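Between the sequences and the hints, there should be enough to build the whole structure, so can you do that?
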Amino acid sequence: MNPVRDKTSETSADSPASRVSNGVNEPGRLHPISVAVREMADIFGRMGFGVAYGPELEDDWHNFTALNVPEDHPARDMQDTFWIKDRPGSVLRTHATSVTMRALEEMAKTGAVEKRMINPGKVFRNEATDMTHEAQFYQLDGFAVGPTGSVTLAHLKGTFDRFYREYFGPNTKVRFRPSFFGFTEPSVEIDVWFEAPGKEGRWLETAGAGMLHPNVLRNAGLDPEKVQGFAFGGGLERLLMVKYGIPDVRLFHSGDIRFTYAFDEKKV
Amino acid sequence: MKVSLTWLQKYFDTPLPGADAIADAFTFHAFEIEEMKGDLMDVKVLPNRAADCLSHRGIAKELSAILDVPLKHDPLRDPLSAFPQADALTVEIEDPKKCSRYMGALVKGVSVGPSPAWLREALEAVGQRSINNVVDATNYVMLDIGQPLHAFDAAKLVQKDGEYKIGVRSAKEGEKITTLSGEEYALTPGIQLITDAHADTSIALAGVKGGKAAELTSSTTDIIVESANFDGTTTRRAAQALRLFTDASLRFQNRPSPELAAYGMRDVLALIHDLAGGEVTGVVDAYPARPQAVPVAVSHAHVDGLLGSSFTIADIEEVFRRLGLDTSIENDVFAVTPPFERTDLVIPEDLIEEVGRITGYEKILATELPPLAAAPDQARYRGIERVKDFLTERGFTEISTQSFAKRGDVVLANPLDKGMPALRTSLDDNMQTALVQARLYAPLVLAPGQKPKLFEIGTVFAKDGEKLAVKTSEPVADMPSIEDANDYAPVRYELGAYKPFSLYPFIVRDIAMWIPKEISENEFRASFDTLVMNSFSNLSCTINFLDRFEKEGRVSYAFRLVFQSRERTLTDDEVNAVMDRVSAALRAAGYEVR
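Same order as they appear, the protein sequences are chains C and B.
For the first sequence, the working numbering assigns the number 1 to the initial residue and increments by one for each residue that follows.
For the second sequence, the working numbering assigns the number 1001 to the initial residue and increments by one for each residue that follows.
Because the hints were derived from the structure by calculation, they are not lab data.
Here the structure is a predicted model, which means the values were calculated and not measured.
It is possible that part of the hints are untrue.
Unchecked claim - Partial list, derived from the structure: chain C residues whose beta carbon lies under 7 Å from chain B:
#1 ARG38
#2 PHE82
#3 ARG125
#4 MET211
Every residue, glycine too, gets a C-beta built ideally from N, C-alpha and C.
This is the structure we're talking about:
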């Protein structure tokens, strides 16, 4: 990165390397979301999680019904959904939990009783955009399922405890608060204690989670008497905004290379 | 749910703890607190608890369980005594699925007038407006125990053989109603109406809002009081269709128990009697199908096996006691019969959640998952990342753009931006736009002479389905396709803190100069930096080194300076002045500017 001498901002304090033009292209840059997903896939990978993908254009079953959000449930009011013209029952997925649903169905098909996956992906909400809201953003969703009694709410806490310590740093703490989601029972909000460099620490609401509702397991074709597990999901941009001090969520998907280059990058 | 702490205190003998302690109690054991301001607490009641907790009683009961402080009295546990039978009021329900219970009371001889100060203050404390004693009584009881209520002026209804008749039926095509606030609504079938059945005219939008036709006035003496239960979905759809969301519709759409209607009727009749006098001549209760209480069983092992906890039987029993749940224990199994208002307690996991949250999730100890035998499947992810690494190695920079497009094969039924109603069929258009921008911004982020090259990997939506597309801003030789690659290790990067960029245009100037050979490159470049920095204020400048060559005992240096302001658009004159100062400073130092 070239030296930016800026008399109006504190950001000039860093001492970047000089830039030399030698006519040869320098390497390009990864988008910060790719950088983050790689870090997350690595941390979760060491805890036994694979990476799963699914369609962004979903059906009502995988996005809502199978996830225990029946058609007339008031909980549906909580998600403002994009529906598709002339295709009843077709929606832009409102969460990447639809990918979890598909993975659970796959487990039932193959007879697996144990699986851990994260699902990073774009999701859509029909809501007005501002500095902290976008109609399209990324979520890191995921689940861990195992034989009854083997994957518990305490494991959910342990998994996130480790994830945040590795992602945000050793001073991180995790806490749960009660919540409600149709597809989990019990349901919790996961807060993380994060100390941004030079700032006072604070609790941040980062993800919703809980133990998979027996109806969801049943809808997938699994036997809730035999398997259980946890599921979780939260916005990716939000984590990055906190970690790197990004002020506006709309920068992420603007296609603007000034955003991609707004970070000093170091190969690990 | 707006809760008044003074109102809440009525439920407790012991003084409540301070606002912070109450907020913490709710936050970690029940609901988020949206706002705490003086006497007012705004509680974000979770959807599964909106059946019983959109009420001061419900909130008080939660607090009682969390803090383990008994309620002074619980209106829902006070036994009901029978109401006098109505002989001058009947009810006809067209579809019991849409109205599971309708209680009506005929009260004669009331005096409608202003409410006493305590009632006005209680309502105003939670942002409601006092109307008159009878209407205020109905609102107070709703906010107190959660049952929506309504009062009609009986004199405005038709009497036949000395009898009033209330109807509950679907609106007819083209039917209209004027509500209490004077607005007229055109109705569609499905929306439920309360009617004066003898005249077949509407007097209220069922579960939503009262009608003008039977409004109370200061001269009203006889009233019909309604305490009913309307179907959640029907009410929600009506409120949505009419864009009329009321305290009543909010409660009905969350399906309170029809049992609650009797408690609402009891409390509101007592309060009306206190405030407005009159005599209850009788109550009619149309209640075709009373729900039965269904016990829920959960074992000790199930509780610990789901939470990963090690609670004792006594710990669990204690939670159910604090919540006032009727519990019997046999062997290791708890049989819980939920009280009628706890419509959310249906399966064992519902009870396990109660144990977890009331005990406190801080009691659940973080435990790492045991390792798995098989390596995790990250093949597709690694395959995608391999392509990204291939491209960044070749100078391509990754961008991310919006999935919405002007045109496409898949069109949204409800687009946010009417100009972008479709899903993108390719990444081409966004790449084109991004590249034009990137060329413009290149001097800010790329070394001089380096041309911006971009790529995006994203989902596109064609007629025959969606797929993951790879788009580059120019052709790439030997581009690999995305294939599973579980053994590929994606390159990892660490990013520094975000550095905000200016949104204003920048101006580029090149400058070259001759320097004596004796001055070392490092020395000169450091002094050049300082010299440039001292030539301006209130803007930023990126200094790019272009080249250096020696000739006839002198060294030529060339730099590219990129100027930008964070506050405004710079003018050429401004930048020319800066460049003049830079040249002057160079000359003053004895260098020749080329």
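Could you tell me which of the hints above the structure violates, numbers in ascending order? 3
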